[in-house]
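Engineer: Next come the chains, spelled out residue by residue.
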Amino acid sequence: MSEPLLAVRDLKKHYPVTRGLLRREVERVRAVDGIDLDVYPEETVALVGESGSGKSTAAETILNLDDPTGGTIRFAGRDVTEFSGNAEREFRRRTGVVFQDPNESLDPRMRIWETVAEPLEIHGVRDRSERRQAAERMLDRVGLASEADSYPHELSGGEKQRVSLARALVLNPDLLIADEPVSALDVSIQADVLSLIEELKAEFDLAVLFISHDLAIVREIADRVAVMYAGELVEVADAAALFEEPQHPYTRVLLEAIPTTDPSDRGRTAELAGEVPDPADPPPGCRFHPRCPAVVAPEDLDVPSDVWQSVFEFRVAVEAGSVDGDDPSVLRAEHDLEDLPPAVAESVDEALDAVATGADERAAEVLREAFPTPCTRDDPSLRETPAGHRAACHHYDPGD
Amino acid sequence: MSDAEPLLSVRDLHTQFETPDGTVRAVDGVSFDVRNGETVCLVGESGSGKTVTCDSLAGLVEPPGEVTAGEVRLHGEDLTSKDEKQLRHIRGRRIGYVFQNPQNALDSVYRVGDQVAEAVRHHRDVSKAAARERAVSLLEQVGIPDAEKRADDYPHEFSGGMKQRVVVAIALASDPDLLVADEPTTALDVTMQASILRLLDDLQADRNMGVVFVTHDLGVVAEIADRVVVMYAGEVVERGDVQAVFDRPAHPYTRALLRCLPGRGEGMEPIPGSTPDPTDLPSGCRFRPRCPHAVEECTSPPDFHPVIGEGHEAACVHHRQDRVAPWRERPDPEGVARGEGDE
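Going down the list, the protein sequences come from chains C and G. In our numbering, each number is its position in the first sequence, counted from 1, plus 4. In our numbering, each number is its position in the second sequence, counted from 1, plus 49.
None of these hints come from the bench; they were simulated from the model. One or more of the hints may lead you astray.
[As the list claims (entries may be wrong)] Here are the in silico distance ranges between beta carbons for each label pair:
| # | chain 1 | residue 1 | chain 2 | residue 2 | range |
| --- | --- | --- | --- | --- | --- |
| 1 | G | Asp251 | C | Ala391 | 27 to 37 Å |
| 2 | C | His157 | G | Arg372 | 39 to 49 Å |
| 3 | C | Gly24 | G | Ser186 | 24 to 34 Å |
| 4 | G | Thr72 | C | Ser326 | 47 to 57 Å |
[Stated by the list, open to error] Computed footprint of chain C on chain G, listed as stretches where at least three residues anywhere in the stretch have a Cβ under 8 Å from a Cβ of chain C:
| # | region |
| --- | --- |
| 5 | 113-127 |
| 6 | 283-296 |
Quantities reported herein were computed from a predicted structural model and do not represent experimental measurements. Beta carbons: idealized from backbone N, C-alpha and C, even for Gly.
The shape of chain G in the complex, shown without the other chains (with noise of 0.2 Å):
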């Protein structure tokens, strides 16, 4: 933890769903800070809880889902015990979003820079002018080329890539204090997503804002993160600074995931088995079923065991101080390596 209060602090956050088929724990007990300026990542697949933890911390959630427990503080306020009016007025203003999709942010009947401007005059008393003034400058802080010119144009006479530009003016119309995106690349090519990230790490650098990022693309990860929270079916399994754990991952469902990235030139190794049915959890270590380390013990929640490295640890039995992880080749006496080493 560092001594500054961070800008975002979940705690223990727990959201569910009541289906048909039983309660789905969607989010069971996730916790991570975000501080001014930083850049964390929410990593998992389809399944594990990472979109639901964002609508979480935005009061997003709708029936049938609830956060049932838990703690989101922005800048040391309880955003959990906010009214549903109050919490609008602090998405609003604090809080920018960026969606997958950007299609779905986007009226396709009003030209761009008018809803741009709306955004602003939403979160600012300025006249019709001002508000069209300020929105071509968002345009062109985005990187849209003309942006004056273009600003008249619908959404359907920009690409992909260019749409979700203006969904990035959209969500820094109020200037917030963090921008949450949620696979904001993932329906973009290789190259447009190149050029988002870029731009989301300059906006960020410039306006030294959080941000939450959600993906399933570890490559992404790599890009942009300072941080990393990997999740798996509804809690985190690891978290820890971007370098320590990409050079040791510590939890075997991370050390999987990395296997199955493309563009290393090593083959592509598949997680065996799939995502447990979320109405029906393995107990204990939730990874438990697919995991080629699992031992005894895993059939019991994990503790968090710190790994090397300032903040890395991971729930995993193996990183335990008595134990030695199987996938190092040898005991460390003085733990220096702990976590270190592929197989």
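If we strip away everything but chain C, and leave its shape as in the complex, we get (with noise of 0.2 Å):
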């Protein structure tokens, strides 16, 4: 395999909470937490997640645009995160961006020719005749030739987003980072741009890192796959084993909520419960255990998964303070415990009680001492699953 042109290790970026006249930090938002990352020469990786996950401010990162809090970013070989002057303008040159609203890129009062031609301005093409005709030449290729000379209040969202990618490719770069390019696009232009960032790719032998929440159209477009949840990576893989076989939990809830295209098939869309964690105070062990749908039972428990299910997500909710009522029998039937078998009747009654007395941290203690799961536990780390690719799930964990 050839050398990756961006090759990401462990990178972290941390914002600090200060507080008071000695700006103390309180607390540390840990928006991206580690992560590891390549890109390799004409492929198209998409980074996957929902808001909050930290998938635009890993792009951010990477580009350089925020210096990171730890870790290494390196392009073509190079160290980005030492780049300084001409070396900085080469990694800039090299590298193409796109956003989500194309109006960030996009100067309200600049021609939308002068704002395709700005990178080579900001390069050091002076000939102003010669930079018209290098935009003229990109704007002929997204197909807006004949609006050279417009403003971009006169174009379409799909237009100014052809415009972005103009701007983006003007400088003949090897890697174009597009940050949710369609999210704001109705579908049948999502189609449009999509197809124009397929071909653009192909002629200008593009790598992509395209940052995306929709997995229906990172189907449609990409290599490979990376899904992040709460700053970290939980699953790796190439697009095809990632949409045939996921093996995270959370990378099989976001599939599922992927809109069918069939109404006799409507309806199985996955309940996620809960959100994003805040990523000051994420959940200990797995992040995503709080809202998993297939936690890792305790070794010794014998009992059907949806019991165990039902009883970690009360756990969960007692946890969280939001179980409220004072007669065990109604909370019994609103978290879903009637009729438990005996190996965790005892334990759940016991907690039943204590929460309707109002002592929920004694609940969360004995559910926790009865029913220890690795989920909660420890983090884990990326591993090769089965399927063959990488994911970051206690189910994989040896001897499992």
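Reconstruct the complex from the two isolated chains, following the hints.
Structural biologist: Pasting the structure below:
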């Protein structure tokens, strides 16, 4: 295999939250918390996750718009984080960027061709007519030759995104970083812009880092996929393998959230409880455990998996302080804890009684001690799974 | 048509905007029905007129726009003949709204519980305490965990998906018969979208509401619609039962929209050309300039022709009784397979 064009190792981006005159750090937002990612020449890698997963921060950090807190970013074998002066300019020349909102890269007061030509000026093309010619060539390529003298407000959203692409590619880069480039567009325009990206990718021999929350789109364009959750990667795989055999429960939920294209097959979308955790206070162990539909059961516990899942979800709710009520039997019904097998009944009863008297902490402790699971204890790292790709999930712990 | 009177009946609705570039016929002869307990999706691209249709049936069109013709009947009562005050009353009590961006629907300086309670008091003469109680109950119904506590939070303390749930709670405060939801999930992540769709589905079943759901995304349509109304350039081009429309899309525009849907693993095929200039619409079928199957007759305005399946019809000359659509493989002598088959 060739060398990666972009090689990211243990990338971290934390934002300290400070308070008081001495600006004491009171907490730390771990937006990106140690990710490894390679992008090889001419491949499309999708970085996928919900809002708040850290995917956009990762992209910004890679673009060196923001100094990383830790880790290294190598581009074409050179450390970007140590770049300065000419070397940095070289990296910028070889990397094009497209954002979700095309208005971010379009200046409302500049004509379209000037916007497209601006990077040329920054990179030392002094001759205005030469710049104009190059811009017109790019505009022609994205189907907007007739709009060279227009202003952004005269264009539709899809056209603006085409202009962003023309601008991103005018320096003939090797890597395109596209952050949700079609999320704000109609489905029909999405198809339009995505097929343009595909064409340009082939024509310019581009590698693409594509950031998206939408796996339906990723499926159409990615060669490889990295799934991000709460600042960490939870699964990395070839696109075909990922869609065929998703290994991480979070990936499975994301896949199931894709709307169906067949009305007779509706309503199978999985409901994902809760939200992406506060990056300043991520849950211990696997960061996905409070929402996980498939938490690893204690080794010696022999009950059906749905029973275990109900017990675990009750524990999560107790720990979150969101269980309210003073009648154990009502709570039991609310949390799907009726007719429990003896293996779990005693501890659950004890916890229910504790919650009913307001002793939430005691209840949480009872449940924690009775039902230990690696998912709340250790943060899993990416490891090879039976499907042949990597996932960070305790289901794939050795000897499991 | 069903025998029972529909909850909402829109007939030949026309809404125009006067602009410096000319008259924009944003909604140009739109008709559809919504029955109790039914979700009707208006689907189309930006500029197809789907949002203006919603605004029109709600009396929310503002100058330079104007509803110039047509009828909007709710429970048989013609809304277009009402004055502003009567309309406001009906709108408030019988129609609930959910818009694309929850940000715009919520006031950032008021606690969400107070905003829901205010909506409750707007419709019912109840005490503050009773309104509060009802607000918390509504927040619970829309799936806000810990509603009692969260009612005291401000909008910025909620995620996008949770804000949209609050907006739904406000829309439900009047116990509306009809819920109009204009792209309510477009600004959300897929996971949030899935949960909001499920919520609307559950609420509708519980309350037997009619729902008009506007979207550009046929994937969303497949998830929630009972019936589909496909719009293009201000007109309805196809309507029918959701399964029928997906199984046998009859209008070339619907077929093209389905082909640009991602996630089928078959590639996404963009629609050639672009939506027409609304001040300068093509004569005849408005999709004609982009249509791979356009023929001479398409220069005249198309009539609706029935397609197989109850109430399924398309405004396309290829569905005329004496013709066979060119994307069908062979003529079917009995006309049983009318509209069936793919290229």
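Engineer: For each hint, tell me whether it holds in the structure or not.
Structural biologist: Hint-by-hint comparison with the structure:
1. Judged by the Cβ atoms, the range 27 to 37 Å given for G/Asp251 and C/Ala391 holds: they are separated by roughly 34 Å.
2. Look at C/His157 against G/Arg372: about 44 Å separates their beta carbons, and that is inside 39 to 49 Å.
3. At roughly 42 Å, the beta carbons of C/Gly24 and G/Ser186 sit outside the given window of 24 to 34 Å.
4. The hinted range of 47 to 57 Å is satisfied by G/Thr72 and C/Ser326, whose Cβ atoms lie roughly 55 Å apart.
5. With a cut-off of 8 Å between beta carbons, the region 113-127 of chain G has 0 residues touching chain C; three or more are needed, and the interface restraint is violated.
6. For the region 283-296 of chain G, the stated coverage by chain C holds: 3 residues have a C-beta nearer than 8 Å to a C-beta of that chain, and at least 3 were required.
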